[in-house]
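Going line by line, the protein sequences match chains X and B. First residue of the first sequence? That's 1 in this note's numbering, and the numbers climb one at a time after it. First residue of the second sequence? That's 1001 in this note's numbering, and the numbers climb one at a time after it.
Any given hint could turn out to be false.
[What the hints assert, rightly or not] Here are the simulated BS3-like pairs of lysine-lysine, each with C-alpha atoms no more than 30 angstroms apart in a straight line:
#1 B:K1013 <-> X:K135
#2 B:K1005 <-> X:K240
#3 B:K1091 <-> B:K1177
#4 X:K135 <-> B:K1177
#5 X:K135 <-> B:K1103
None of these hints come from the bench; they were simulated from the model.
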Amino acid sequence: MIGYGIVFFCLTSTILYLIGDFKQVIISMMYLVLYLIPLLSMVLGIMYGYQIREYIAWVLSHPVSRRNVFMGYYLSLSLVLIIYFLIGMGIPFLIAGVLHSSSVSAFAFLMLAGIVLSFIFSGMALWVVFGFDHKLLGLGMGLFIWLVMAVLYDVFFLIAVIAFQDYPLEVFAIVASILNPVDLSRILLISHLDISALLGYTGAVIKSSFGTYGGLIWICAGYLIWLIIPVWRYMHITSKKDF
Amino acid sequence: MIEIKNLSKAYRKRKVLHHIDATITSPGIYAILGPNGSGKTTLMKICMGLVLPDEGDVYIYRESVRTGIQYRRMVGYLPQIARFPDNLKVKELLQLTEHLRGKAQRKEMLIELLDLAPYMDQLFRNLSGGTQQKVNLVTCLMYDVPLYLLDEPTAALDPVTQLRLKEFIQHEKERGKIIVLTTHVPHLVQAIADEIYFLLYGDIYFHGSVEQLTDAYQANDVEEAIARLLMYEQEKVKI
């Protein structure tokens, strides 16, 4: 897990050193947050999950409730990832003086998106671990979920937009945006960086429909759903599972 | 005190336990026997809340295992296979157990009894199968509780340790404890069991003392009685 923090620290320090301008660096780091955090949270979470599955029966045979044990595992996994992310990415920015720059709010949203994505994908990783008894199948499913959300979702969305271009797609775009936490994070970050070119169709529709603050509420609602569903499913599966 | 009421469990379509009822109230050594896959370990795991029953319930000291957790303070459970966080040393593992359950009353005594002192600073994963089982035994028996559930306690143990364990179990019985164990070692049952529950086809096929079992199958010892019981059943299935 320390390696996770070191990766962020090295990448952030290098990019800050090479580019210098906070806005440009935050745009670069945005892609790291959007793709690397879901991927690493998923992979590390699945590895951690299958490791604890080996001895979970021993833990559960003590006077501790299943609910507390499994919620404890989820919180410990996600909080460790978040702490290393905050240290790895936050410290280089703080040393470079981001708090005294005009990009401080964009930096705060970058951190917020990283925290929320860590929570969401840790929950998904544990959901996968306890949903699939076979380790390789679980890892494959985890990577597939990441691939769909980080890459294929945009492809499917683009195909849908082209196929139905003669119809009004605003409502579809708004609903579709909530189906993907990575897309929600992208919209959140881009809308606070004032780079309309990178907003994408869903981002542009949300901004024009709700405005910046209305859009923020919409994104928070989407985040809330994504924070609850994986953890709820994980807790439900583990409450019924035989060990 | 254990009350098993109308307990059923199936894994997919395979019925493992089928409407089982049993009550254990008085101190003694109770052996659960049966062929492989007869549901012995499943029954133990249900008692510890690790496996959830499809029907019925088990009450340990009047607390349902479906909903309760406090009864586990009064139970020492030995799983069939020792699976612990294998990146820990033996002493760290025992400390972690105490962190989960509270201070153990006789850790040092058991470490000495099972000759584990030289292994305390070794990683659990580097230990031999027999030594891992000894660590497993210490985590279970180091608490002075009124009920022990031991799933194959003698597996992988050398004869000396088996003998020491047998004496320890008998001593605990004399102190008024209930010891429920599963085993495939007939000599152990013959030597220490007060009552036998023989599981077959998901039911309690036989319940009684060692003498009742040997008398019922006109056998000289438990091993012969079990062999005759199983052969009799195989003949019945053929007919």
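For this session: Quickly compare the C-alpha distance for K1013 (chain B) and K135 (chain X) to 30 angstroms and report which way the hint goes.
Result: The given pair, whose Cα atoms are some 24 angstroms apart, holds under the 30 angstroms limit.
Exercise. Is K1091 (chain B) close enough to K1177 (chain B), meaning Cα to Cα at most 30 angstroms?
Worked result: holds (27 angstroms)
For this session: Take a quick look at whether K1005 (chain B) and K240 (chain X) sit within 30 angstroms of each other, Cα to Cα.
Result: Between K1005 (chain B) and K240 (chain X) the Cα gap is close to 20 angstroms, so the pair holds against 30 angstroms.
Exercise. If you draw a straight line from the CA of K135 (chain X) to the CA of K1103 (chain B), is it 30 angstroms or shorter?
Worked result: Violated, at roughly 36 angstroms.
For this session: Would you check the hint for K135 (chain X) and K1177 (chain B), treating anything up to 30 angstroms between C-alpha atoms as holding?
Result: violated (41 angstroms)
Hint compliance for this structure: hints 4 and 5 are not met, and every other hint is.
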